[in-house]
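Chains as they are written, first to last, in the working numbering: chain A, 2 to 158; chain B, 8 to 177.
For the record, the hints were derived by calculation from the structure and aren't laboratory data. Quick caveat: nothing in here was measured; it's all calculated off a predicted structure. Glycine is no exception: its CB is placed at the ideal position from the N, C-alpha and C atoms. Possibly wrong hints are sitting among the right ones.
Said to hold, decoys possible - Think about it this way: if two alpha-carbon atoms lie no more than 27 angstroms apart in a straight line, the pair counts; the simulated DSS-like pairs of lysine-lysine are: (1) K102/A to K111/B; (2) K133/A to K111/B; (3) K173/B to K129/B; (4) K133/A to K84/A; (5) K166/B to K129/B; (6) K129/B to K84/A.
To be verified - Which stretches of chain A does chain B cover? Using the computed rule of at least three CB atoms under 8 angstroms from a CB of chain B, they are: (7) 28-37; (8) 74-81.
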Amino acid sequence: VTKPNLDGEIRAGHHHMEVRVYYEDTDFSGVIYHANYLRFMERGRTNYLRLLGADHRDLFEETQTESPGFAFVVRSMAIDFFKPAFMDDVLEIVTAPIEVKGASIMLLQQCRRGGDLIVEARVRVAFVSGGKPQRIPTALRLAMEADHLPSETTARL
Amino acid sequence: VRDRTASTFVVRSEWERNRHGVRSRQLALRHLPIEITALLYCDIAVPDFSGIVYHANYLRFMERGRTNHLRLMGAGQHALFAEAQAETPGFAFVVRSMQIDFLKPARMDDVLDVVTWPVAVKGASITLAQEVRRGEVVLVRAQVRVAFISEGRAQPIPKALRALMKADQI
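I would like the entire structure built from these sequences, with the hints used as guidance.
The following block contains the structure:
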């Protein structure tokens, strides 16, 4: 079951989700502690996958049959911290795949506050099933491509 | 060398670091703590549902490594640190960018070794290399660019501090 206000939404292949900054997310100087952006971005990736699964139930069931208990694990990240964010801010976390390879996906993720770009990351996630890296099943690839318009990715992000 | 409840910090001598293939006359002349290893016990809150360490937590470990690296440099070179403090009061380093490779997972009860060293010292920022190891195995490798700030603004790094960091550079 998905809940739009909790899980965000996919628009033109980009997953958008809002997070409110609470006291627990900040460090002693009042700004968001840098490691916490990774937690926000992981929520973005998780919800992106959750919504993809809801939109393409049959393709996800096929993936589940082919690779039981599949998951994505983070292999590498390149992160730029451009501006600080503060207590009570509302951040928009935007997630989109920019490259789908045989066994891994490169995602571009941004944390925005209004028109300001706060943090940007390129995240490479690998597909694993049964504890081992695996090729991404065609069904899952199709589910991602169905929601993904390559020409818009670069234009909008 | 210090003890904490959850972690032990060990300052390695320059000879130990030379074993990693670093050898120069300048290095042999210095008596600074240059490489810090932090033994971090993963507590029960750290591993995620799959029993491996949650990826964002390595950033917390690495930050402890950077903080203690700076702390020990300050302890070892009191005069230079006092000079930097006078020139740029309340200075701090903030993370500007990171490049991280998650090579292998760490698990519950592992003891991890966090190794930190500067690789480039520029006018207003420093690039540090960091590794999280379990024994000889590198689990996470990162390059971290930190910017120098004082009174809320980016500032050039004072000469005293730069000299200290440069001396540590590989």
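Hints, one by one, checked against the model:
no.	hint	result
1	K102/A to K111/B	holds, 21 angstroms
2	K133/A to K111/B	holds, 12 angstroms
3	K173/B to K129/B	holds, 9 angstroms
4	K133/A to K84/A	violated, 37 angstroms
5	K166/B to K129/B	holds, 11 angstroms
6	K129/B to K84/A	holds, 20 angstroms
7	28-37	holds (count 4)
8	74-81	holds (count 8)
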